[in-house]
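K.L.:
So the protein sequences, as listed, match chains G and Y. Residues in the first sequence are numbered consecutively from 1, following the working numbering. Residues in the second sequence are numbered consecutively from 1, following the working numbering.
Rough simulated footprint, nothing fancy, chain G against chain Y, three-plus residues with beta-carbon under 8 Å:
| # | segment |
| --- | --- |
| 1 | 23-31 |
| 2 | 168-179 |
Here are some, though not all, of the chain G residues that point toward chain Y, as calculated from beta-carbon distances under 8 Å:
| # | residue |
| --- | --- |
| 3 | 18 |
| 4 | 22 |
| 5 | 50 |
| 6 | 54 |
| 7 | 60 |
| 8 | 65 |
| 9 | 69 |
| 10 | 73 |
| 11 | 74 |
I should point out that these hints are in silico values taken from the structure, not numbers from a laboratory. Here a beta-carbon is modelled for each residue, glycine too, at the ideal position from N, C-alpha and C.
Each chain is listed here by its residues.
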Amino acid sequence: MKGGEAMKCPAEMIGIMHDVLDEDATKEQKRLLFEHIQTCSDCKQHYEELKKTESFLLSSPSMEAPDGFTSKVMKQLPQEKRTVWIKRWMKSHPLVTAAILFLALMTGSVYSSWTSEDQLSALSGNLRFDQETNTVIVPEGEVIEGDLTVKNRNLEIEGEVKGDVLVINGEQYMASAGQVTGEIEEVDHILDWTWYELKKLVYNLGDFFTNEESK
Amino acid sequence: MDAIVKRIILQVRKGDHNAFGELVELYKDRVFALSYRMLGNRQEAEDVAQEAFIRAYTNIDRYQIDRKFSTWLYRIATNLSIDRMRKKKPDYYLDAEVAGTDGLTMYSQVSADEQLPEDEVVSLEAQDGIHRAILSLPAKYRSAITLKYIQELSLKEISEILDLPIGTVKTRIHRGREALRKKLQEQ
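Throw the hints in and build the complete structure from the sequences for me.
P.N.:
In structure tokens form, the structure reads like this:
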């Protein structure tokens, strides 16, 4: 193993050389080696060669992994848990998450109010209901003060409504004598209904802010 | 650095792929350099380096968080490289003539396999001798020499990576270095 040129020198000399290179030699060993190579050209050459070898090793160029290395690794990983993926996605898309949440809640509430029981609201006045034709009638000569909302029924106005009229999922019929001072609106589809609810929400929000400001 | 790595590893343990991507980015060059010096072929080195990361991911629960992550990762990469070397033709056949070619040795095959960008070619020529010399070492010396000089690790870290007593690591480095000295003199 040890170089033939060092045969006539103390057997441990080459071991000391390596320990010196590894910064693992005692002061005494170092002194021994440096004194020895002053006089022994073979050992001096051997030590020089080892130092050269080491400097070659240390000057190896730093290497870079090939392009696309990371993505190739990622493609081979086992499937990640779904929950982690969803959580991270929500974190990185807060606006979309908020929008989806909003839509889900809106759809829920709109749908439930769309399918909830038939209702009829008017602040004052007498209304008649014709069961056979499923029609709410504002009798002739009758005056409704305020808005009138009819849901899942038809509406026939023979009298007068002093306010807005809203007919949801039904038809409205105005007799020639009937009179409505506000707007008449008919909502027939869930999309219209959603739109109406949204409009109401925005108006309410607007009211809320104006109320706040006026305080 | 260690604190960052630990935070990332805790995320990886929860199953977060992207956190693992950060780890790959941090260590890919060093792991690739390690497997390249051990195998001497870019394609094989890339395969082994990628497999090392995939093994690290699937075994991340076995990693002891209070120890150095790089030591654990290098250990995986070193073992995979040694396995791959053993499956290949033994290194001392590198000098042998390849059957059916006229005077071509395995050395020329090794360099023909390498596809390198042009700027790397110059430094490679200068480094060619030492690179080939490392590749001619038996696996046990090659791994010790690579970890010491390419990764510039301490003897203690190398002994942990190779799972060997420090004394054995020293002996392997001494013998490896001695063999390299001879190879370089011959060249």
